[in-house]
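**Student:** All chains should be built: construct the whole structure from the sequences, respecting the hints.
Chain residues, written in single-letter form:
Number of protein chains: 4
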Amino acid sequence: MANIFGDKWTFTSFGESHGAAVGGVLDGVPAGLHIDLNMIREELERRAGKGTKGQSTKYQGVSPRALREPDEVEWLSGVMESDEVTKDKGQRGLITLGTPIAFLIRNRDARPEDYEWLRHSYRPGHADKTYEQKYGIRDWRGGGRASARETAGRVVAGCIAKQALRLKGISIHAALIQVGAETDPAKFADTIAAYQKDGDSIGGIIECHISGVPAGTGEPIFNKLQAELAFAVMSINACKGFEYGTGFEGVTQPGSAINNISGGIAGGIADGTDIVFRCVFKPTPSTPKALVHCTSSRNTSGDQPVKVGRHDACVATRAVPVVEAMTALALVNLVLL
Amino acid sequence: MANIFGDKWTFTSFGESHGAAVGGVLDGVPAGLHIDLNMIREELERRAGKGTKGQSTKYQGVSPRALREPDEVEWLSGVMESDEVTKDKGQRGLITLGTPIAFLIRNRDARPEDYEWLRHSYRPGHADKTYEQKYGIRDWRGGGRASARETAGRVVAGCIAKQALRLKGISIHAALIQVGAETDPAKFADTIAAYQKDGDSIGGIIECHISGVPAGTGEPIFNKLQAELAFAVMSINACKGFEYGTGFEGVTQPGSAINNISGGIAGGIADGTDIVFRCVFKPTPSTPKALVHCTSSRNTSGDQPVKVGRHDACVATRAVPVVEAMTALALVNLVLL
Amino acid sequence: MANIFGDKWTFTSFGESHGAAVGGVLDGVPAGLHIDLNMIREELERRAGKGTKGQSTKYQGVSPRALREPDEVEWLSGVMESDEVTKDKGQRGLITLGTPIAFLIRNRDARPEDYEWLRHSYRPGHADKTYEQKYGIRDWRGGGRASARETAGRVVAGCIAKQALRLKGISIHAALIQVGAETDPAKFADTIAAYQKDGDSIGGIIECHISGVPAGTGEPIFNKLQAELAFAVMSINACKGFEYGTGFEGVTQPGSAINNISGGIAGGIADGTDIVFRCVFKPTPSTPKALVHCTSSRNTSGDQPVKVGRHDACVATRAVPVVEAMTALALVNLVLL
Amino acid sequence: MANIFGDKWTFTSFGESHGAAVGGVLDGVPAGLHIDLNMIREELERRAGKGTKGQSTKYQGVSPRALREPDEVEWLSGVMESDEVTKDKGQRGLITLGTPIAFLIRNRDARPEDYEWLRHSYRPGHADKTYEQKYGIRDWRGGGRASARETAGRVVAGCIAKQALRLKGISIHAALIQVGAETDPAKFADTIAAYQKDGDSIGGIIECHISGVPAGTGEPIFNKLQAELAFAVMSINACKGFEYGTGFEGVTQPGSAINNISGGIAGGIADGTDIVFRCVFKPTPSTPKALVHCTSSRNTSGDQPVKVGRHDACVATRAVPVVEAMTALALVNLVLL
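Chains as they are written, first to last, in the numbering used here: chain A, 1 to 337; chain B, 338 to 674; chain C, 675 to 1011; chain D, 1012 to 1348.
Hints listed in this document are in silico derivations from the structure and should not be mistaken for laboratory results. Don't take every hint at face value.
Over 12 angstroms on every C-beta distance to chain D, these chain A residues come out as not near it, computed from the model [claimed, not checked]: (1) Asp7; (2) Pro70; (3) Thr99; (4) His120; (5) Lys168; (6) Gln196; (7) Ile205; (8) Ser211; (9) Glu219; (10) Gln253.
Ranges of calculated distance between the beta carbons of each label pair, as one might list FRET restraints [claimed, not checked]: (11) Pro367/B with Pro185/A: 50 to 56 angstroms; (12) Ala175/A with Ala523/B: 17 to 23 angstroms; (13) His883/C with Leu504/B: 35 to 41 angstroms; (14) Lys861/C with Met80/A: 42 to 48 angstroms.
Ideal Cβ placement from N, Cα and C applies to all residues, glycine included.
**Tutor:** Below you can see the structure in the form of structure tokens.
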């Protein structure tokens, strides 16, 4: 079930970046949950690279993708208009019915001609070649399912999960804590801008804090809480590592020094304190500076130069809401029902 | 399904450290597979902390648990005696029937009286308290399911998985690559011995190399190959992090420098080259030096001093075969059937 | 996972009869499969009660629902236009990409005002009351998910499954074999017409023949082939029973007489011969003649008379393609991959 | 997962009839449940064909298998001795720990020599041939996994499930309601004895009543309550059909007559009234009277005469506790957690 996440509150994802739409179906959402459409719109804008409000996202404004029109969610089933619309101007709401919630976001920006050069080429560091190895055919008109656009559906599903978790007193906050070697958030925007200007890219580390998870959540053997979180977060493109508690750096510290740093989990089970984990995102491999060549998929024409138009100097910035979304989808399967 | 791993080649684990036995049931193993009992015995000895042969395990000889009698596997179903027994002295073999393979290992070393002091105490850094939070009752006579003994069943199951994978040309080799700050394997035994003598403990990093995984293995969205591996490995006690490819250290390198380091996976799918991942294990928190106090579970008697008898100065050494076993169980679900 | 069928070739169903659309997502469909859109259109017409061609469906022409415009399938993802379009006039085709196939069918016929009387009433023999018991809220504007319209998505998914099975040499043919006490198919149309005229309804028995299932398909213990088929077919509205081989009537025959009638399955596993099963559908409970009263959901106004507009005198006729679809979805999970 | 039943309260079954043991592992059982060992012993005796007490089982006394020693359950994990032992003489009890409950029943009666004639033969109406088709090898020394002995594990697991259900006010009672054409229970024993004496066998119908299932239990689309029950019951050897509510006989009754007979389920969801279903069991095909020949598996020696020693004239009698067990295992996955 490669495109289904969760076994109780399942999210089925669909859609190619260059096809008609991306979207998904949520099954198992309880009836009567209020969906805040403003929150979904804001999260989709964070994912699209638009800074919204607050210090933590202002460096996201540099993304060249931010100029696009906002993604509009079309609801197909599982919800009806809320009678309890909030009073604030422009706010609308939906109420869940307990039946599957299907939604889609039309692709309005598909420009297959931009990708014509990829018809017979594999980009290094991308999934072009492995997709063809797996499926025999490959849709070269954009990244297809491997495109970051697929994460729009995750963000919508994650928003609904967050709203269900909030009713249980659980909140999730992720933030970029490192860009390259830089750990001062005040300098992240400048750091990224420098790489952007240089035609290069850089990685980042995201830290996620979860509060309110009831003690006892998680399972003691295979489905440990940390294993569920790692599985969720490692499914995000470009994520290369996951750690919690003392993590990798803890390797140099003796047991007598660190045994009270649990990261909120003991024996796979939440202990009721805040859960903290970190994950690392590699820089995007497709940059103007990367003077590597694509490998021809036809073995006839030799390597071809990479043509890079728009590029994100630090994809980790846009991964922040996706990390929150996947964390929410993992948790909602553990604490609800 | 907290004690079941895998959805095709499922491993159901059972057993408390102080109960009658630990063991498991493997379902989905194809008929006609030859099980090498010598290999299982050797892997169980690696897990128990006995050095067997070769440089990579000699530092394991320091474990005080190594003096025990070897674990004996009793086969309950799913196998029959092989007609094709190998010629070497002492070798026996079994053939699988295609039906569920159930096995058990009797606990001969249970000493509940050693744990009497834990009846009303929670050890720091252990799952004592979270188990009680989850289940309402706790079996204080040893670690119960949270004991490292539970991993004996994983090692047996993992050996059978490895043998099936070997027939597909897939091999898995894990090794300790760091102990504390030490990265020279020649010095690991001395480093660990120093912590042991000091009544303290230290963490370690294990690196795992997988060769022969067919290109195309893994799924592109949620069940990415790296997500499946992380889920498997993060289920091991004391594991605090997982990374592959450029990992956490790659955060400081620009995209123009690292885009050919894939770790054998692109877009969640194996590219046919060797897969390499690392995982970190924290030091055991129960050491003589750790002058911390247990928290009373009764709120009546105040904190109690930790009583530590046997202790492993570096549990990462014994985790090596468990990392291999969980990797094998993850892979066998992806490449077989 | 109440709205997901299958664990390898999964079908996620969504949509209320009175909402925007019904549809589904198929995950696990291999890349490169050709989808015959004409077949899908014909099967949707069978399901909608339109007789198409051939004797077996002519009695379906009596359904008052047959006058509607045909259902149009909109494809959202997972397919691209086939380069190998068949030569016949009007035929179009699609090729699968290996990614999730999402599709929807817009509801053009929603008339909530027809159901206004149901706002405070439960119909006998319908799921009105149990839905409210389960979810706390109920969408009274039509049957919601309990409507037969939900089966349109199953038929589309089943068509794709049938096309995959056909490539493996497997074919599925269901037919009505009994209507009330009548077992002569030549008389089914008249029998149904008589009930229709009388404002009443009648049940039917459908027999399904499956040929080409490879010997060895199915599992010996819990997931017996007959258990998988029963699970699939019993999920269809109004289906009250499933039997295969000697079935219920075989109870009166001694073992010495019947032991060669296997129904194509022995010990849960296909033996390579044709598989034959039967299932029974009850008459629709909402008929003009049914002088029963609805139960008020408000406990205030007393019972209300049932208002029946359109009614199907024999829903079993329209269930035939749904039985085939569910059989195909069950089998495709067992024989592919 | 062919040998695992359920997705929350999972039962993993293992064991061949002629191997060391049969048994199973229950995962997901909540901590603190009291296990009544006397009830388990009585249910195992019902399954073994021993009449215990009360009218409904007295005809079971005719089984020639009833002379064996009782099955003894050995508990490997997941339970500890109860402090609250009941006062009655000979009663013992166990308390569940929340961890996997593993148990086994040793096979003391294996007589492989009785089956030597089967080494190169397939019995008609048995799974001998399909097992060999599926697995390539077959364990001819008894029925292996296809033996009725496998159901002993189901009965133990079902007893624990029943005890959990009882705490929720849910009870399950199955009884034989028809043997051949006979529907008077007072005459079942004589009817069966006549077939036994004649060297023949006969089928039976079992009816199962479930009371106390909360309204709202079950799912509206694929996992309808009736589909889950059919899946559970159709997994029992020799079961050829399942029906509920009006069932197959209802086909001759018009909608105006039957619309209040729900069988306790509407739209896949329990309505809070008693649930009633029926299932049919075929006669055993291996009888002295059945002058059929086995098919040689070697294509060399021609057909061989069937050698039948012990035979059950009506296996439906012993299926009664198995029907209850599978019903309990299905329900416990739907109403608990």
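**Student:** Would you mind marking each hint as holding or not holding in the structure?
**Tutor:** Structure-based check of each hint:
For Asp7/A, the shortest C-beta to C-beta distance to chain D comes to about 7 angstroms, within the 12 angstroms cut-off, and the non-interface label is violated. Pro70/A, annotated as away from the interface, keeps every beta carbon of chain D farther than 12 angstroms; the closest lies near 34 angstroms. Under the 12 angstroms C-beta cut-off, the non-interface status given to Thr99/A relative to chain D is violated; the minimum distance is some 8 angstroms. The Cβ of His120/A lies farther than 12 angstroms from every Cβ of chain D, with a closest approach of about 43 angstroms, so its non-interface assignment holds.
Here Lys168/A stays apart from chain D, with its beta-carbon at least about 16 angstroms from theirs, past the 12 angstroms limit. No beta-carbon of chain D comes within 12 angstroms of the beta-carbon of Gln196/A; the shortest separation is about 48 angstroms. No Cβ of chain D approaches the Cβ of Ile205/A within 12 angstroms, the least distance being about 36 angstroms, so the stated non-interface status holds. The claim that Ser211/A lies off the interface holds: its Cβ sits roughly 25 angstroms from the closest Cβ of chain D, which is beyond the 12 angstroms cut-off.
Against the 12 angstroms criterion, Glu219/A falls within the reach of chain D, whose nearest CB is about 10 angstroms from its own CB. With 12 angstroms as the threshold on Cβ separation, the claim that Gln253/A sits away from chain D holds: the shortest Cβ distance comes to roughly 32 angstroms. Hint check: Pro367/B to Pro185/A, Cβ distance near 53 angstroms, so the stated range 50 to 56 angstroms holds. The hinted range of 17 to 23 angstroms is not satisfied by Ala175/A and Ala523/B, whose Cβ atoms lie roughly 42 angstroms apart.
Take His883/C and Leu504/B: their Cβ atoms lie about 39 angstroms apart, and the range 35 to 41 angstroms holds. Taken as a hint, the range 42 to 48 angstroms holds for the pair Lys861/C and Met80/A, whose Cβ atoms sit roughly 45 angstroms apart.
Going through the hint list in order, the structure does not satisfy hints 1, 3, 9, 12.
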